[in-house]
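Could you put together the complete structure from these sequences and hints?
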Amino acid sequence: MSSAQFYLPEGLPAPAPSPDGLDAAFFAGLKDNKLMVQRCKACKTYQWGPEWLCYKCHSFDMGWEEVAPKGVIYSWERAWHPVHPALKDHGPYIVVLVELPHAGNIRMIGNLLGDPKQDIKIGANVEAVFEHHDASKLPFTLVQWRVAK
Amino acid sequence: MAVNTLRGKAAVVGVGETTYYKRAGSPDSEFVLAIKAILAAAKDAGIDARDIDGFASYSNDRNDPSRIAAALGIRELKFSNMQWGGGGGHGSGAVASAASAVATGVADCVVVFRALAQGQFARFGQGPKMSAISGDMAYSIPYGVLSPAQMFAMRCTRHLHETGVSRDTYKAVSLAAYHHAQNNPRAVMYGRPLTPEAYDNARWIVEPYQLYDCCMENDGAAALIIMSAERAKDMKNKPAYVLGAASGSEYRNGAPCHNAPLYATSSFTGIAPRLYEMAGVKAKDVDVLQSYENFTGGVVMSIIEHGFCSHEEANEFLTYKNLIAEGGKLPLNTSGGNLAECYMHGLELITEAVRQIRGDSPNQIKGAKVSMITSGPMVTPASSAIFGSKETL
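Chains as they are written, first to last, in my numbering: chain A, -16 to 132; chain B, 20 to 412.
Hints are computed from structural coordinates only; laboratory data are not their basis. The reader is advised that the hints may include incorrect statements.
Pairs of lysine-lysine residues, derived as BS3-like cross-links and limited to a Cα-Cα distance of at most 27 Å, are as follows [stated by the list, open to error]:
no., chain 1, residue 1, chain 2, residue 2
1, B, Lys348, B, Lys255
2, B, Lys385, B, Lys257
3, B, Lys55, B, Lys97
4, B, Lys28, B, Lys385
5, B, Lys97, B, Lys255
6, B, Lys348, B, Lys388
7, A, Lys14, B, Lys148
8, A, Lys71, B, Lys41
9, A, Lys71, A, Lys53
10, B, Lys148, A, Lys71
11, A, Lys120, B, Lys148
12, B, Lys255, B, Lys41
Reference listing, derived: stretches of chain B covered by chain A, where coverage requires no fewer than 3 residues with Cβ under 8 Å from a Cβ of chain A [to be verified]:
no., region
13, 170 to 179
14, 223 to 230
15, 268 to 280
Derived list of chain B stretches under chain A, where covered just means 3 residues or more per stretch with a C-beta under 8 Å from a C-beta of chain A [unchecked claim]:
no., region
16, 132 to 146
17, 153 to 160
Keep in mind that this is a model prediction, so the values were computed, not measured. Backbone N, C-alpha and C define an ideal beta-carbon position, used for all residues, glycine too.
Listed below in structure tokens is the structure:
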């Protein structure tokens, strides 16, 4: 993917794994186009964002599970006013909060690909698009979303 | 009512603030602003600032009480209290801490203060500039969720979707604040009224917020002096008694990456019942409300969660006419608040709530006896407080 195909201009802070290793499995999965989320090995509760223990049963034995990269729009916003130099003169962009009903209704934030002025429907089905920034000084992958066909 | 209660045991006896400036407009450093506000509050209370023996603040205020105590020559420091997290959501929580300290003899005279120089330090409304980020922010900032407006907009979008509340309520909140600021010479927006047309025509910041749905960014400081009710009755000002104060947030409100179970709320669903129980009053007894505006949508949620109207009643109830001091059913943000007086991180809302009890608000509600504040919608922890006049004890 060339930089012209990135949804937002380059130059925003890049996501990096936590130095303590908490979310290493998530970031490792993204490189291989896999959406990995936490699931308690003891009580099977899905948990997002990552934490060292299960909020339900207090087990510290948190596993990671690959889940289908799809979901439903739970909420959204369209940002117009740039608050970072990288976004200056870029124009509006859409952020969606996506719920994953097949993974305990956990939620993830991403951008909604396509026309930034499109109508957005809460409840619409979306699928993930892995946006690889391999040429970046600190390579990373973003999980973006597009309305499911 | 619970026997073990803070109700009526502490009071605000003095309030003060610096000149309120536009962002980067302060000729003074943030530390000097803090000192000037504390001195002003002490003068208003009629005390020697050296007799202050405790400090309470929130949101990691940069002005360390030990430095302030040394600078002022405080005789003995007994209480130095910082509330974790929550941005402006802990203004009322800091009042609770200060009131608890004086009610229990931990300290005798506590100042609640907040100082901000967004010119000297980073602007709240701009995103971070580092090259990489980890932790919870790694799941939002790279997607362009950088500023407070961008962090909270999706809660409001969901709220509007779930409840059918109209954005017209946002407009009413904004217009009422600007209206009140026109009577308040302290207000940054004094002499700069906002018309309904200007509100409508303003640019989007982030949907569902337009420009006038957003708080300002300012420089300044504010402070209030709290003493036990026993001592307060001998002070020169009419005391504003703390009837109730509550803080916190609901079950897993702080779950990372926008995973709070009660997402479409302003974090007050648990606080409001605790507040009213302690205060021994109900929403209908409240004469005037100061409600923290980071964004107008959060004010609307706060008002509903504190029981002033239901979601179903909101569109009819939350009108400009009902929110202004002249005859409104729920006079709101009578100094202009964070939108139009000064973004003093909500502490200016608390000094205004005190002034309503004392009778010296720029938009005084005649005979106000019960004066309420909600601090920091949509954050965790949030907090609320109710002040009462002597008659309410």
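Cross-check of the supplied hints:
Distance check on the hinted pair: B:Lys348 and B:Lys255 sit about 31 Å apart at the alpha-carbon level, beyond 27 Å; violated. Between the alpha carbons of B:Lys385 and B:Lys257 the distance comes to roughly 15 Å, so the proposed pair stays at or under 27 Å and holds. Only pairs whose Cα atoms come within 27 Å are accepted, and B:Lys55 paired with B:Lys97 is accepted, the gap being roughly 21 Å. Proposed proximity of B:Lys28 and B:Lys385 is supported: the alpha carbons are some 25 Å apart, at most 27 Å.
Of the supplied pair hints, the one linking B:Lys97 and B:Lys255 holds, its CA atoms being roughly 24 Å apart against a limit of 27 Å. With a C-alpha separation of about 15 Å, the suggested pairing of B:Lys348 with B:Lys388 holds against the 27 Å cut-off. Using a Cα cut-off of 27 Å, the hinted pair A:Lys14 and B:Lys148 holds, with the two alpha carbons roughly 25 Å apart. Pair hint A:Lys71 plus B:Lys41 holds up; C-alpha atoms about 23 Å apart against a cutoff of 27 Å.
Proximity of A:Lys71 to A:Lys53 is assessed by CA-CA distance (about 31 Å); at most 27 Å being required, the pair is judged violated. The straight-line distance between the Cα atoms of B:Lys148 and A:Lys71 is roughly 13 Å, inside the 27 Å bound, and the hint therefore holds. Between A:Lys120 and B:Lys148, the direct Cα distance comes to roughly 16 Å. Compliance with the 27 Å bound is thereby established for this hinted pair. With a CA separation close to 33 Å, the supplied pair B:Lys255 and B:Lys41 exceeds the 27 Å bound.
Counting residues of the region 170 to 179 of chain B whose beta carbon lies closer than 8 Å to any beta carbon of chain A gives 5, which reaches the threshold of three, so the coverage claim holds. Residues of the region 223 to 230 of chain B with a Cβ under 8 Å from some Cβ of chain A number 5, which satisfies the need for three, so the listed coverage holds. Coverage of a stretch by a chain is defined here by at least three residues with a beta carbon nearer than 8 Å to that chain's beta carbons; for the region 268 to 280 of chain B and chain A the count is 6, and the condition holds. Counting residues of the region 132 to 146 of chain B whose CB falls under 8 Å from any CB of chain A gives 3; the rule of at least 3 is met.
Check on the region 153 to 160 of chain B: 8 of its residues sit with their Cβ under 8 Å from a Cβ of chain A, so the three-residue criterion for coverage holds.
Violation of the numbered hints given earlier is confined to hints 1, 9, 12; the remaining hints are satisfied by the structure.
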